[in-house]
Amino acid sequence: MLFHVELKSGVPCLPRVKSSPAQQVKVLFFASCREMAGTKETSLELPGDSSSIAQLREHIVEKLPGLQPVAATVTLALNQEYLDPEQDATLKEGDEVAFIPPISGG
Amino acid sequence: MTAAEIARYSRHLLVPAIGVEGQRNLLDKTCLVIGAGGLASAVLPYLAGAGVGHIKIIDFDKIETSNLHRQVLYREGQAGQSKAKCAAATVRDINSSIRCTAIEEALTHDNAMDTLAGVDLVVDASDNPRTRYLVNDACVLSGTPLVSGSALGMEGQVSVFHHRGGPCYRCVFPAPLAAEAGRRCSDNGVLGTVPGVIGCLQATEALKVLGEFGSPLVGRLCTYDGQDGSFYTVRLRPRSKTCAACGDNPTVLSMEGSKAFAAKHGLTVARVVPEMERVPTATCQEYADVVAGGRRHVLLDVRVGVQFAVCALDDAVNLPLSQLEASMEKVETLSESRSLPVYCICRRGVDSKAAVSILAKKGFPNVMDVSGGLTEWARTVDREFPMY
Ligand SMILES: [Zn+2]
Numbered sequence: 303m304l305f306h307v308e309l310k311s312g313v314p315c316l317p318r319v320k321s322s323p324a325q326q327v328k329v330l331f332f333a334s335c336r337e338m339a340g341t342k343e344t345s346l347e348l349p350g351d352s353s354s355i356a357q358l359r360e361h362i363v364e365k366l367p368g369l370q371p372v373a374a375t376v377t378l379a380l381n382q383e384y385l386d387p388e389q390d391a392t393l394k395e396g397d398e399v400a401f402i403p404p405i406s407g408g
Numbered sequence: 103m104t105a106a107e108i109a110r111y112s113r114h115l116l117v118p119a120i121g122v123e124g125q126r127n128l129l130d131k132t133c134l135v136i137g138a139g140g141l142a143s144a145v146l147p148y149l150a151g152a153g154v155g156h157i158k159i160i161d162f163d164k165i166e167t168s169n170l171h172r173q174v175l176y177r178e179g180q181a182g183q184s185k186a187k188c189a190a191a192t193v194r195d196i197n198s199s200i201r202c203t204a205i206e207e208a209l210t211h212d213n214a215m216d217t218l219a220g221v222d223l224v225v226d227a228s229d230n231p232r233t234r235y236l237v238n239d240a241c242v243l244s245g246t247p248l249v250s251g252s253a254l255g256m257e258g259q260v261s262v263f264h265h266r267g268g269p270c271y272r273c274v275f276p277a278p279l280a281a282e283a284g285r286r287c288s289d290n291g292v293l294g295t296v297p298g299v300i301g302c303l304q305a306t307e308a309l310k311v312l313g314e315f316g317s318p319l320v321g322r323l324c325t326y327d328g329q330d331g332s333f334y335t336v337r338l339r340p341r342s343k344t345c346a347a348c349g350d351n352p353t354v355l356s357m358e359g360s361k362a363f364a365a366k367h368g369l370t371v372a373r374v375v376p377e378m379e380r381v382p383t384a385t386c387q388e389y390a391d392v393v394a395g396g397r398r399h400v401l402l403d404v405r406v407g408v409q410f411a412v413c414a415l416d417d418a419v420n421l422p423l424s425q426l427e428a429s430m431e432k433v434e435t436l437s438e439s440r441s442l443p444v445y446c447i448c449r450r451g452v453d454s455k456a457a458v459s460i461l462a463k464k465g466f467p468n469v470m471d472v473s474g475g476l477t478e479w480a481r482t483v484d485r486e487f488p489m490y
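As you go down the protein sequences, you meet chains A and B in turn. Residue numbering for the first sequence follows my numbering, beginning at 303 and increasing consecutively. Residue numbering for the second sequence follows my numbering, beginning at 103 and increasing consecutively.
Bound conformation, chain A alone (with noise of 0.2 Å):
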């Protein structure tokens, strides 16, 4: 995180985070979340600092409506590690976040 420090004659010495710039993420469809999202594989703008799966799982959906039954509950991978339906993480520039349905036919 950067933070700059302004000096001013007069004005209260206050540190100000920094807003930093939104982030890239890379993020993979597979199987059934392919097809609907109608693309293999995007990339996604999320605003900086706090960005994370939860607000992901909100973009993506503004973004490719078709997900929105699934996008709540998918399985997702980041950086090909498994992450928890319900749980969150922090999103950094480069990350790649992959949407990992089961797939049931044989």
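Hints were generated in silico from the structure; no laboratory data involved. Don't take every hint at face value.
Now the stretches of chain A that chain B is said to cover, found in silico as 3 or more residues with beta-carbon under 8 Å [stated by the list, open to error]:
#1 359-371
#2 375-387
#3 395-406
Pulled a few chain A residues facing chain B out of the computed Cβ check, cut under 8 Å [stated by the list, open to error]:
#4 332
#5 333
#6 337
#7 338
Glycine included, every Cβ here is placed at the ideal spot set by N, Cα and C.
Given chain A, put chain B with the ligand in place with the hints provided.
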């Protein structure tokens, strides 16, 4: 090991990781394969060749012509015959020195525990979510490791569950996705080789678990994408403490509990139309009369594009269910600002009901489901209509 066994399995014996001990393990073990379809078409010949002592195959289904492109275990002349029986015959042809049992039944919550008795490993080669949860629960309850594989379209998944402290299927997929549970209308296709690839991976994992060599795919989910020829493996978590089946306070304590879970999540027996809210309906004959009478209307075919391309009714407009909510303007235009009646149709009459329900909620005044879909149309109105 007998001289015949040594000759037969010599190429296993010469692999340092397998050796005499690994092969002996295989010869002593019993493996249950659930489903004798595309995945099993790869799994079964390899298990047989490898000399797994006793192979049990459970499948209630009969061989159909549309299976032959991927279920390469079967021959044209076997259409209509029992899959379990034909598969067992092939297993015995490959290896007459092992035991093979064909069970011509569906695996159910009621017979699962008996079916798993005495089994060292289960290979899930089934084709529906109901069976997948059922198999997982029976494996956890009986303490049997599970090699799970699945394939659809050009993609597949493999993992080894409930083994050496790793997660079970439920730890990874705690509940079926709402959008998946009742989906029967869009029977998606599958590239014939994809279940073959996944089945080979399953067979490899099965031999490792049974032979007690190598490092099984525990705590990892391997996904395969045939479209671009890539594998994507996700590290899973260890066993979940909150898992309904294998957690610290499990709620699925018996197959009855598993059955209740299936009912709660609408996991129906294959090809049974799930219970859905009632929507205004026209029979296929009633719709045929609308067409014959030249009455102006809109026919929305809500199947996915590839199915629509295979066959469709005249004048049908393709608007897949998944895109419907985002396509209200199109429906508005087609229906001439809601003045024309809108009929929805799909393959079997499930997705079309969902479409009618969506349009009704959006305030379209005159929307109807063509009951039973194109399957019913081919049965009752136009017997020449091609079904797939
Ligand atoms: Zn579990």
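Comparing the hints with the structure gives:
no.: 1; hint: 359-371; in the structure: holds (count 4)
no.: 2; hint: 375-387; in the structure: holds (count 9)
no.: 3; hint: 395-406; in the structure: holds (count 6)
no.: 4; hint: 332; in the structure: 6 Å, holds
no.: 5; hint: 333; in the structure: 5 Å, holds
no.: 6; hint: 337; in the structure: 7 Å, holds
no.: 7; hint: 338; in the structure: 6 Å, holds
In terms of the numbered hints stated before, the structure departs from none.
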